[in-house]
Each structure stands twice: as structure tokens, then as C-alpha cells.
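Asks: Starting from the structure of chain A, add chains B, C and D where the hints point.
Chains as they are written, first to last, in our numbering: chain A, 18 to 293; chain B, 18 to 293; chain C, 18 to 293; chain D, 18 to 293.
Treat the hints as calculated values from the structure; they're not laboratory data.
Keep in mind that a hint or two might mislead.
Pairs count within a copy or across copies, as identical chains cannot be separated in the list.
Simulated crosslink set (DSS-like; lysine-lysine; CA at most 30 Å straight-line) [said to hold, decoys possible]:
no.	residue 1	residue 2
1	LYS92	LYS208
2	LYS184	LYS205
3	LYS49	LYS208
4	LYS208	LYS198
5	LYS38	LYS198
6	LYS39	LYS251
7	LYS198	LYS173
What follows is the residue order along each chain.
There are 4 protein chains.
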Amino acid sequence: MLAMSRIEEGCTVLILTESGKKYLVAVRRGKKFHSSEGYIDLGELVGREYGCVVRSNTGVRMTAHKPLLQDLLSKVRRITQIVYPKDLGYMVLISGIGPGSVVLEAGTGTGVLTATLAYYVRPTGRVFSYDINQEYLEAAHYTLERLGLREYVELKHGDVYSEVSEKDVDAVFLDVPEPWKAVGNAWKALKPSGRLLSLSPTIEQVVETVENLRVGGFDDISCVEILVRDIRVKRGMTRPEFLMRGHTAYIVSARKSEINSRHITDDTWNENISPT
Amino acid sequence: MLAMSRIEEGCTVLILTESGKKYLVAVRRGKKFHSSEGYIDLGELVGREYGCVVRSNTGVRMTAHKPLLQDLLSKVRRITQIVYPKDLGYMVLISGIGPGSVVLEAGTGTGVLTATLAYYVRPTGRVFSYDINQEYLEAAHYTLERLGLREYVELKHGDVYSEVSEKDVDAVFLDVPEPWKAVGNAWKALKPSGRLLSLSPTIEQVVETVENLRVGGFDDISCVEILVRDIRVKRGMTRPEFLMRGHTAYIVSARKSEINSRHITDDTWNENISPT
Amino acid sequence: MLAMSRIEEGCTVLILTESGKKYLVAVRRGKKFHSSEGYIDLGELVGREYGCVVRSNTGVRMTAHKPLLQDLLSKVRRITQIVYPKDLGYMVLISGIGPGSVVLEAGTGTGVLTATLAYYVRPTGRVFSYDINQEYLEAAHYTLERLGLREYVELKHGDVYSEVSEKDVDAVFLDVPEPWKAVGNAWKALKPSGRLLSLSPTIEQVVETVENLRVGGFDDISCVEILVRDIRVKRGMTRPEFLMRGHTAYIVSARKSEINSRHITDDTWNENISPT
Amino acid sequence: MLAMSRIEEGCTVLILTESGKKYLVAVRRGKKFHSSEGYIDLGELVGREYGCVVRSNTGVRMTAHKPLLQDLLSKVRRITQIVYPKDLGYMVLISGIGPGSVVLEAGTGTGVLTATLAYYVRPTGRVFSYDINQEYLEAAHYTLERLGLREYVELKHGDVYSEVSEKDVDAVFLDVPEPWKAVGNAWKALKPSGRLLSLSPTIEQVVETVENLRVGGFDDISCVEILVRDIRVKRGMTRPEFLMRGHTAYIVSARKSEINSRHITDDTWNENISPT
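Looking at chain A on its own, in the form it has when it is part of the complex (with noise of 0.2 Å):
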């Protein structure tokens, strides 16, 4: 307990510099960070608490913290379009899911989604995760290593819209180009009454998905978009920032019911449905 508060030759801490720049850095000894607010010597780091400040050769406060989940993912290699906190929070959060639970995502991409969903449902749920690109299977595998999460997750290389092996699962996770053409696949996986999330950037995506939810076996459909304000909080000159993030993606959920459910015992299903 008492190791796991402070900080060890090897592993990676969290600087957070006076300026508000943060970094994740790798601590051995005899190593410096270099920044451009001065450089650290990261052996004078061992063995101190988490949450230690230390200063720059040029005097500047930084603060070495342990890394939390989100941190770690803030800094993943954007090999495609990453899935920001704001959604993540609210899709694990409204999905029902928690330890045990057990959720087919597609597609893997760069792992964020991937993980955040095995931090949850660890120790005992299991997450399949599919993606039709080798390459980013084996970065999500990496990813996934190095942060303990890999023995949840199962990487799969495979296409949602054409095949699904899952059953019974709590939740499915979209994160496709054409959700709709995976609707009729997350239906077979899915448990009565579980939860599909999708998101999407544009709304065409948005209307051709919900269409086809509404005629696929779903109800309880919703989209929402989430908005964050920071605000710079300081007394006598509090305002919102004057910039800000103004869309990321929409959130389409439903749930798996019995309506117009035996459209979907038909494998013409897909072709059934005609998206313009």
C-alpha cells in the first residue's frame, strides 16, 4: 500500500508543470525530462510520494503525479479519431455496464474506447473487440499491454456489419463509419433488453442509424450530443473559456426488444432496409 504512493525506477508519472502543460514521462534514474519550461533530473523523483513538486533548472514548479486511466489514454497515438472523456463517461455510464459485465465493441480504432470499457468491466467481464484493420489491432494490443488491461479484452480481426459470433451480451459499442449496416449483427449479439451505443460525427450517420434501430428490433432510441464549458475560475475574473471543443460526436442508445423483431430472423435483413 505504502510502495503504490510512491513513485519507482520504471514506471511513468504525470508532470504537471506551473504553466498547466502536462506530460507522462518514463522515471529512471539518470535520465532528465526537457521541456520548454526546463528539464527535470527524473532520479530525483524515486522514492518520493506521488504528488511531489519538484523544480526545473530554470525554476519552474512541476508536479509528479500518478497517471489515472484517462491520463494514459489522453497521450495514445491517434492513429484514428479518438473517443474524448465527455462521451466515454456518459456511453459506460447510461450502457449499464460494470464489473462482470460483458460488451461487444467494433470498432477497436486506437484502443480508448476499448480500454475504458475493460477498466469497468474488469476483474470478471470480458470486452470482444473487433476491427477489419490488422494495424490497429496491433496497436490496441500494445496499448492494452501496457496499461494491465490486455487479459479483459479479446481483439478481434473481423467485419460487424457481415458477422458477429457473441451472444447474450449486456452491451454493444459502435464506433463504425456505417452503424446501421452493424444493427442487425448487434441485435443477434445482444441479451433481451441490452443496450446499443453508437457514435457518430455527422448527423446523416445519426438519421440512418436511428431509421434503421427503429425497424431493426429497437426501442427506447435517443441521440444526444454533450457540450463541456471549462471555466477559468479565479475570484473577480471568472468566465467561461473563450474557446472551446464545439462537437466531437452524437450518442445514439436503444434498446434490444421484441418490435418488429422478426424482420431480423431474416438474413435478408440488411438488404430489407434501404438507406438513401
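Replies: Relative to chain A, chains B, C and D alone:
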């Protein structure tokens, strides 16, 4: 496994009507569920799969879903202000808590945040939840019992402004009227680099809290508000909903650090800071 | 000048009650104004200054203000969707219109936009306002008369999709169900570099309109939505209001240019573009 | 009339490039306009209609538009914070001003608000604009001259906190650091029921201003913030822009009334209110 996907006598179902209304109903043979859209015979649900469709006596379609945690929490009696999903999801995510985490919370209030925290730290973690109001603690006890989450929570009758006995907790969640008065005890209770999250409806509470965190041994201090826009999706008629929730609360977050922490070992800490 | 600041018999006042309710009331001696907060004797107001305070029979404070244009328009009978101040202000500003401008508008609807445009182009400008619904034109006629703005407006019974006789107008304002059908006639009516503004509640209307503007001789095309957050300001209790209007309409704007304009001199223009 | 729609030597055009960049350029024969997308010969524009299309030497399409007031103001040198169109449009609209109105403004600053007010009160109205900074007044003088709006504005070197000589003005617009100090003089300058509008970036300024308005003879006090979301519209790829302006300023509005106005006739008014 099969049993879990079928409706049994005595269990609670989420009835979703064709017009979008939602009700939590206990299933009993021989009982009827009455709504403004007609009634259904609850006995007919027994043995059917979740997500099954029934018709009310007036012909309205109703679906009987397995309720998720947030469905159940949305119907908790609001003896005090509840915490909304958009805020819960964000707070849980950035707090870094998960299975096994140890969390301190104050005040218990309706127990919505308490239950959500317990849900995610299961089965090996623990939530210590303080309230000065015995009546709230009793209501939360009953709510947690019904949700099957009672065993993960220690309900404590006490005032976090004056004393907290826990040490080395992973995160502190504050939903109290004067969070700045709890900053000193939160610091003492947190493990190194531990996360503090505080929820307040007014900007003056936020300013006071942030200014106290700044001199009270915390850094990486930020404040956000989360907005959710519901989108009505229907091909050819898609638009954001005309009404939205304009505000619930601001979320302040921070990390425990060494900065200024010597002030805190002093017992007179609370007196040294003069909130106006 | 003095007379203008005093309440006279027959004029309309804006009664603002202590609880924040607003009423438009015609001042008549011997008449009472009844509200849920008690009644006042309207004769008592005659001769007093605008902004004067009276007490209802139940002791509630009421202020009698001189109504502004937007106060009067907020009480117009809503025979169709009205245009909101947040959208009116933005549209007027970026249209570039002012005293002396010549404006084409369709449809007249409730006349709220018509009246606002007339207000700003006075006294030398002119608004040509089209509607296919004779009933709306009559209602607008009456509204404009009461507001003293009738002389600046030419109400025209006609369909802007098929024909518009004006030339060299400074700006065109569209608030019609299928604005893309009016793009060709708007182009013909506008002077070089003239501004087009179009208001639509759904995103599909916006997409159709923008795609038609792009091939129809317009550039500098943009689309925005305007959100207004009401802030409840009270020292120590300041926060955004819990409820807000989530959406009214999207505002599309463009400038007439030479780009692709040869397509437009062709009478078959409307057929060449195939809206789906 | 015809002349007005053609580009003449010496006039200013708004050059809009294919990639969406905008430039204000004075047209001179024999001069070139250079941009990162190539150059055009300005002489070629003379005699052509506004909205005409030219190609740069590198083949990029450029349109030469007639600039509107807000185009011209968007390029004013920002010696101080400017006022944004979203805020300008809303303030003008709810102030109720129009042709013929008499307006008091402080401070003049860059002159963006001054010019906008002058534009709408033309030709018979008048703007009295105060600033304590002689340099700002000179810059505003030059800006107003170029815009052809100088004759509608009286620029005044003075401090609205301490003295204002105008009476019976229709509206007062405040864009000063401590608007609460101007509440008493605004009340004296306004006609009965006159409108006060105040713009401030921080919430603490808003609280102070509103609390002073409440005890200073105003009612119908409200505060809003306006958010603009840009929507990227393209069939199949429509979504809000990823970046948006998160904040500019809060807008406070109020109406002059009799309420508490006896406090104001007292010269010691400013001392009686104790802003913290």
C-alpha cells in the same frame, strides 16, 4: 443465465410506452399496471423475455425492459437535489475510480451518487458516505438495499467539514453546500495524487472552492459544466429538441499534491483561509 | 417630448409584476387590469411617467413600462411559428440592412420578422413581404397597422417559389418550408453581392438549401444556430437557469455572386437541381 | 443605382477566396492583391459588378464582394476587446433602438459598437459616445469617418462614472470595466422606461452590476449569454464545427423605473452601495 433474461414474479420492470413514457413496476400475478395509456395485466409478463411487447387494453404498445442502474435511480424519491447522468458519467470517468477503488463521499443525500460509485467500485472496493442528516442516511440505506449495493457502502453519520477518519482513499466526491470547508479533510483523507471532485450549482460556490483548493494542497484544478442536447431524429425532420436542461451544476476537479500542503498539517487550517 | 414619456389614455403599457410576469394592457379610465397577483385601476396610470410603480389591491408591486417593438411582437397571436429575438437580432445584423434598405421577405407568417425588418429600414426603405396564405397577410396587415409600420411594407399574395417581381433588393429573408425552391428567384431579385438569409428548424432543410445555394450563384455560405442562456444573477446564488430553449431554427446566410450563375438564367433551373 | 452595383476605382472590396479566407482591399489600377493563394490584378475589377469572379495567377477562384458594415468592422484594429456580431445583434434588438433613437454609449473603445449603433439610428438619431482614453476616441473618429457614420456620433472625452450631461436618451450601452459605477448616471440620462444594456466578460462584473441595478431604480433586469454554433453543411457530412468560441461576454439588460429611484436623486448614491 437464461433465467436472467426472463421476467420473474416479484422483479421490477421498466415499462416503456409507445409515446415514450417510462414507469418502474413490480411484477405481481393478479395485479394490473394502470397508466394514462390504458392498463396491462402484470401476470402476463411472467416467463416472457425482457424487451417483450404487450398491448394495453386500449391497444397501446408497451415494452417491458430490464431496468439498468440509472433507470432505477431516476425514480428515487427526490428528498434533495439529485445528480444527473451527464454529471455522474463525467465525474466517475475523470475520478479514475473502478473496481477495487476506495472512495469517500459527502453528503449522501438521495444516494444517487453513492449508488453509482458503489456500482463501479464493486466487488472489492468501498464507498464511505457521510451525511449530517440521519433521515437521508436511512433513505439511502433503503435505496442501496433494493439495488443490491448496500454491502459496498459504509453510511456514516457525521460532518465532513469537521472530521473524517478515512485515510489513503482514491477519490473524494463532494456534493455539499460549502465544499470549501471540506478541502482540508479531503486532503488528509486522500492518498498521494488522489482525486477530488466537487459538484455545486452556483458559481460563487465554485469560486470559493477553487480558491481554497489552490492554497490547500491541490493542483490540476479545473471546472467544467456539461450540457446535453437531445436530438429528435427522424428522416427529413431532424433537429435538436426545443426544450433542454440549461444547467444542473458545475464540476470542480483537482489532484492532491505537496503544493502548500504544510499549511494543512496545521490544525488551524480552516481558520487560516477566510472565505468571504 | 414630455408627453411621450407620460402614459396617456388609449396607449398600450407593458405591465411588469413583482414576480416577473409581463402583460400588454390598453389603458382605459374606469377599467381594471386583473391578474393572478391582484388588480389595478388603469385610470390611475393616466398622466404618470412610464416606469411608474403601482400596487395591486393585494399589495403586489407592478411597473407600467412603455413597450418596445419586441415586447409588442412577443404577444402577437401565433398563427404560425414565430421568429425569436436571438435569431432576429443576428439575421438583421449580418444582413447589413438599415435605414433605406430594400428587402424581400417570404413568408409573411405572423409578421414578426416583417415588422422587425420594417422597423430597421424606416423611413426610406421598404419591405416586400410574400405569403401564399391570404389569412396570414390579413393578420400581418393588422399587426403592422397597430405597430405604425404598415406604410413601410408591401404585403404581396404570391408564391416566391414560382415568381418574384422585385429587382435589386439589398437582402432576401426566407422563412418558408422549402427554401431551396426559392433560391433561383432570390438570386434574380438580389442586387450584386446582395445577402440571402434563410431560417429553418430542421437540418435536412438546411442541407438542401445550402447545396442549392452552392450551385445556384451564391458564395460565402454559412450556417449557424444561436443559443441563449439565461443567467439567474443574485449575489451568492448565481447560476444559469435550469431550463433553456434548446433550439428554434438554423440560420443560413449567403451572398449573391457570379459563381455558376449562368445556370440560373436558364428557366429550367428549378428542374435541374434534384432535391431528394 | 447602377453605379452602386459596380466596382469603382478607390472603393473597398471584400475578397473571398475559394478556401474561405476574407480580405478587405482598396481597388487601385496598377496594383496587385497578393495572398497565400496567389495574386490578382486589382485594375481588372474596375467596372465589373460586385460578386464578380476572378482567378488568381495560380488559378484560385476569388470573388469581389461589396463589404457590409460588419465586414468592415471585423477588420478594425483591435486596440481593445471588440464586440462580436452575436452580441451586437441581440443588444441592438432588445434595446429597441432604431432610426431616430438617441443613445448614450461608454466606452467608445474600438468603435465597433459605436459604429453599429450609429448605423441603426441614422439618419435622424444620434449616438453620444464617452471614453476616458483620448487615443481610443481618435481611432474611433477615424473608423467612423471611413464608414461614413461620423456625422451621427458625438465623441466625448469623459468618465461616465462621474458625470454625464445627456438627458432623456432612449438607451444606454455600457462596455466598461466597472459598469456598476455607471448605474446612477445611466438612470439620470435615460428617459422613463429607457433601456440599459451592459456587456461584461466576467460573472463577478455581472453580479455587481445587477445588484446595483436592483437598488438603483431599474427593473426587468436580466442576464444572458449568447452562443453561436457554426454548422458545416455538406450532404452526407453535416455536423457542427469542431471548434467554437466558448465565451465573449455576458449581456445584462434592464429598464429604468421608479423603483427605489429616490435613492438616486441623492448625490451620495455611489457611496451608499458598497460593491465588494
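Asks: Against this structure, judge whether each hint is valid.
Replies: Status of the hints after comparison with the structure:
1. LYS92 / LYS208: between (35 Å within a copy, 24 Å between copies)
2. LYS184 / LYS205: within (7 Å within a copy, 47 Å between copies)
3. LYS49 / LYS208: between (52 Å within a copy, 27 Å between copies)
4. LYS208 / LYS198: within (19 Å within a copy, 47 Å between copies)
5. LYS38 / LYS198: between (41 Å within a copy, 29 Å between copies)
6. LYS39 / LYS251: Within one copy only: 21 Å inside, 36 Å across.
7. LYS198 / LYS173: Classified as within: same-chain Cα gap 18 Å, cross-chain 49 Å, threshold 30 Å.
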